[in-house]
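Trainee: Now for the letters of each chain:
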Amino acid sequence: MGFLRPYRPQLWGSLAFAWAAMGMTVLIPWLVGRAINAIESGDKADLLPLALAIFGAAILRLGLTVVRRLVAGKVSLAVEFDLRQTFYAHLQRLELGFFDSQQTGQLMSRATVDLQSIRFFLGYGLIFITQNLLTVVLASAVMFVISPWLALIALAPAPLIVYVASRYNRVSRPALQEVQQRIAELTAEAEENVSGIRIVKAFAREEYQLHRFRRAVSRVFDQSIYSTRLQAFFSPLIGLLPQLGIALVLLIGGREVIAGDLSLGDFTAFYTYLVMLAGPMRMLGVTMGMAQRAIASGNRLFEILDREPRIESPPGAPPLPAGGGRVELRGVGLHYEGAEDVPALSDLDLEVEAGRTVALVGPSGSGKTSLVALVARLYDPGAGTVLVDGVDVREVDVASLRSEIAFVADDSFLFTATVAENIAYADLGASREEIEAAARRAEADGFIRELPDGYETRVGERGLTLSGGQRQRVAIARALLADPRVLILDDATSSVDATTEAAIKAGLREAMAGRTTFIIAHRLSTVSLADEIVVMDGGRIVDRGSHAELMEGCGFYREIAEHGLADSVFLQRDLEEREEMARL
Amino acid sequence: MNDVRNIGRLFASLWRLIRGEDQRGRKVRWLVAQLRPYRGRVALMFVGLLLATAAGLAPPYLAGKAIDSGILADDVGALDLIVVAFVAVSILYAAATYLQTYMVGWVGTRVLQDLRQRVFAHLQSMSIGFFTKRSPGVLISRMTNDIEALNQLVTSGVVTMFSSTLTLLGVVVIMLLLDVQLALIAFLTFPLLAIASVVFRIASQGAYRATRERIAAITAYLQESLSGVRVVRSFGQEPRHLDAMTELNEENRAANLRTVYLNASYFPAVELLAAVGTAAILLYGGSQAIDGEIQIGVIVAFVGYLATFFDPIQQLSQLYTTYQQGMAALDKIFDLLDTEPDMVDAPDAIDPGTLRGEIELDGVWFSYAEGAEPGDSAWALRDVDLHVPPGQTLALVGATGAGKSTFAKLVARFYDPQQGRVLVDGHDLRGIRQGALRRQLGIVPQEGFLFSGSVRENIAFGRPEASGEGIEAAIAAVGATEFVGALPDGVETEVGERGVQLSAGQRQLVAFARALLAEPRILILDEATSNVDVRTEKTIEKGLERLLRGRTAIVIAHRLSTIRRAGKIVVLEAGKIAEQGTHEELIAAGGPYSKLYGAWSDSAA
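Respectively, the protein sequence lines represent chains Z and G.
Counting along the first sequence from 1, when you hit position 289 you're at 278 in this note's numbering, and nothing is skipped either side.
Counting along the second sequence from 1, when you hit position 227 you're at 474 in this note's numbering, and nothing is skipped either side.
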């Protein structure tokens, strides 16, 4: 609850206002009772002051409630704002390994659903609880003052109401969650069917799909009905209990009035209190549930906030010293979280002199991508050291290191922004000339100019969909614009067709001059850009040398070269088919 | 001004609906007709609703009566009788509410489940072309979100409309019967309350929509920046994303603040109105009572009723939103249901029996765009003539966009050609029942799409009646025995949604086994091995020979070994057949194929 500290005065203020408003609410039935007494005793002169008192109490309550709602609303929004900022900033500090083990959806629901449930609790729940509690206590107190005996009878069902209401909340929530869960299953079923419609059609299995869907539908139906039954049973019951209290007051209080032991006004006040209390008593049960939810949400949130980032610049770390981009790995080993028994890299040594280009070749899972990720310190090795320009990457400022290393990953992720903004990702201040020059080198300028708004076309998740090859070329341009010391091309041209690739090669060759470059590729044509080829398998370096040397001396390389690398270029897949796949 | 217009619009559209002038009238009548099988339950629902409303109106009256006829008349007998009535009415209310809630829930859910299945079944009857033109998210939303929105309208909407209207009318009538003058004073707060409620509802509708949009923007931004976390990290751009997030977060706060202001002005105002009404009734009614004009119990009853009519007014004002959303959903669902399936079997379509697998294309023109003209560049296939004898393997070769996949899709009759005919065993595909054709077709696409379920269920997808041995044999034939054996539950292992529990290569092996088990007469391999790694590929290649034997096959591939083995190679260029023949013939001819082959050998060097 530490995040409430900055808002403590406002919070207490809003609670004080809430309680004062509740005092007015409790006062009004008492005034009504006085008025009824005045009427019974034929005291016309008292009526106007009492009516004005009711009006005055109501106005006062209006003011108090408005202020209370505004203050509490603002505080809860501010807390939500602060928490989300803290949470997002914390995510930005956490190392990449953390995200490998987390589902994006889970993180997102923490930053949205969980935060909102905390906010609702602070904005409404906390106030409702104290307010309802106070109403019940105050109204009970007044009733006890008027007539202890009658109050006892009238309030007899009250604990039962709170109990039943909280029980209803307890059983209905899981039931409703299960409905949501089953709807999610049904959605998944529908989603799968629509995405796999070609397979369904190809095997003529429409009937079977319908049967599967029906099963999902009836699961939703059964659970919805169960949930409806709970609601149908509990909510009338919760409504009925206060009525019984009122009936008792009518019965026993009525006799007391007849016997002259109770004034008619007090009787009416009792009646009004009980009508008024039905709501708060029911709400107490509901808000209890709200509190439980908020606590659970808070726990989920702090689970992540308490996770310390494992890759950070050491305090006062110097920036990466100047250099040409010499990279050295010494006895490096790496294990990914959750895959401790399979090393991604083991006892690996590699030196790459400044300005050289090295191609990493090997089957998938051989550790190529892991190796280059270590250079940018996206992960820290479990054993050994990674040095860039002679310095251990763990001893320099991470930002300065990464600004000297540019990645083009195989999935070529673009942000929802214009093409120009995406290319200028590493340097917001880049001029249009620089952006276009980078695009030209990546052989992207031509197609970008043909886009609806040229360089200002929005792309990414909520923008225009580019083909895989186009995305890769933008990603290459983005990396080139960063003007890095070390350039890493991780399967960067896998979706580009053979003709375009030949053109990119020229631009790349130019761009690679004066930088250290790592190339991970499956095509011999791309591999041919390298000064040297490093063959990897099972997290180790198997061999290294030129293409000719390796074809001669390395059987493993020859096998890959003949099968894996060469063949896959022969012909490209239909463009429309690929676009279609991108849409699905 | 806008608000007033909106209210006007609601009434206008309700009026059109009642008079049946609206297109929506047809849809609503259709929806009501869906209730017919459940008439009995609907009737019970209305019985419950009427009883609950009536019983809910009684308590304040009875309390007033208890004062006047029991307490003030010093009549204990009458008091007891009234309390008994009070309890009875309360129990009746609870019972009727149970009946009504349960029946509404049951009928609403059932009708919408029926509708959901109907939408799904309708989708199954649509052609592939229909699916490619629509985003999957939209189609899925028809079966989920839109049905939920309609559910809201059918259940809570209908109940609110009837019970709130009846309650309001009941309160008005009872008040007037009790005392006309006092009733008119109480009614003074009515218009204020009604206007305040409707204005609040409409204003907050926009405000709440804004908050939903803001939180959706945050979600989308989170989604993007978290899935791109690798790029963010490797370019060291964390501060920029933090700034963007701050901005979104601030917008979210501002949008929510508006709802705070709205709530802070509306709810306290309603409370004030209630208190003002109470004060007015006490003041006027009190002096009337002192003068002996009315009884005290009547005043107590009035104070009670004042508390009763705030809820229905608030609920009715909420109805507009529910109505709008439900109707919008109904429109969307109808748009879908009204779309006729575009590729239904002709009434005289035949079942050709077991196919020999002879394929013939006769002057086929095809375009994905509708209404393409002969000169357009939009044609994916132009005037293609081709004959594939039974049992032959045909390899399709060509550059990007040459029409290879399109060719295969026409043979599977995913589309019909605009001109010309596609024939199998001499039958025009349009004259054959689609199910009968496709059951003899095996397709392995580039990405092995699996459905959630076990490996076994997926392999048996095309032939659910297949025996355990048959499945084992298919697994063995594609060389998947080793990997399936290594799975935690072997062939019964769940593959997860879309098969995510398996690697791409494993999925593809399962897809091969699935195609093989279906024992197709015509096999289509559409770049089936382009996404698997070298080792899996080798495994598949061994099984491929077995797969191709004894059936007609159309292979779109990039592996030279596969292409070379084909009985016939067809080179497509811009939708036309450029040349055809065996590998040796085409190399010897020195045409486009030999050029492609040359380009390939260059890039491989």
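Hints were generated in silico from the structure; no laboratory data involved.
Quick caveat: nothing in here was measured; it's all calculated off a predicted structure.
Glycine residues also receive a C-beta, built at the ideal position from the N, C-alpha and C atoms.
Check the hints yourself; a few may be wrong.
Claimed, not checked - Ranges between beta-carbon positions, derived for each pair:
| # | chain 1 | residue 1 | chain 2 | residue 2 | range |
| --- | --- | --- | --- | --- | --- |
| 1 | G | T740 | Z | Q74 | 52 to 60 angstroms |
| 2 | Z | Y325 | G | G673 | 52 to 60 angstroms |
| 3 | Z | G45 | G | F514 | 15 to 23 angstroms |
| 4 | Z | R159 | G | G737 | 50 to 58 angstroms |
| 5 | G | F514 | Z | L141 | 30 to 38 angstroms |
Said to hold, decoys possible - Short, incomplete list of chain G residues facing chain Z, as computed with Cβ under 10 angstroms:
| # | residue |
| --- | --- |
| 6 | L309 |
| 7 | G317 |
| 8 | S472 |
| 9 | L676 |
| 10 | G678 |
| 11 | R710 |
| 12 | R761 |
As the list claims (entries may be wrong) - Covered stretches of chain Z, going by a simulated chain G footprint (3 or more residues, C-beta under 8 angstroms):
| # | segment |
| --- | --- |
| 13 | 182 to 195 |
| 14 | 496 to 505 |
Trainee: Hint by hint, say whether it matches the structure.
Mentor: Verification of the supplied hints:
{"no.": "1", "hint": "G:T740 - Z:Q74: 52 to 60 angstroms", "verdict": "violated (43 angstroms)"}
{"no.": "2", "hint": "Z:Y325 - G:G673: 52 to 60 angstroms", "verdict": "holds (58 angstroms)"}
{"no.": "3", "hint": "Z:G45 - G:F514: 15 to 23 angstroms", "verdict": "holds (20 angstroms)"}
{"no.": "4", "hint": "Z:R159 - G:G737: 50 to 58 angstroms", "verdict": "violated (41 angstroms)"}
{"no.": "5", "hint": "G:F514 - Z:L141: 30 to 38 angstroms", "verdict": "holds (33 angstroms)"}
{"no.": "6", "hint": "L309", "verdict": "holds (8 angstroms)"}
{"no.": "7", "hint": "G317", "verdict": "holds (6 angstroms)"}
{"no.": "8", "hint": "S472", "verdict": "holds (8 angstroms)"}
{"no.": "9", "hint": "L676", "verdict": "violated (13 angstroms)"}
{"no.": "10", "hint": "G678", "verdict": "violated (17 angstroms)"}
{"no.": "11", "hint": "R710", "verdict": "holds (9 angstroms)"}
{"no.": "12", "hint": "R761", "verdict": "holds (8 angstroms)"}
{"no.": "13", "hint": "182 to 195", "verdict": "holds (count 14)"}
{"no.": "14", "hint": "496 to 505", "verdict": "violated (count 0)"}
Going down the numbered hints, you'll see the structure goes against 1, 4, 9, 10, 14, while the others check out.
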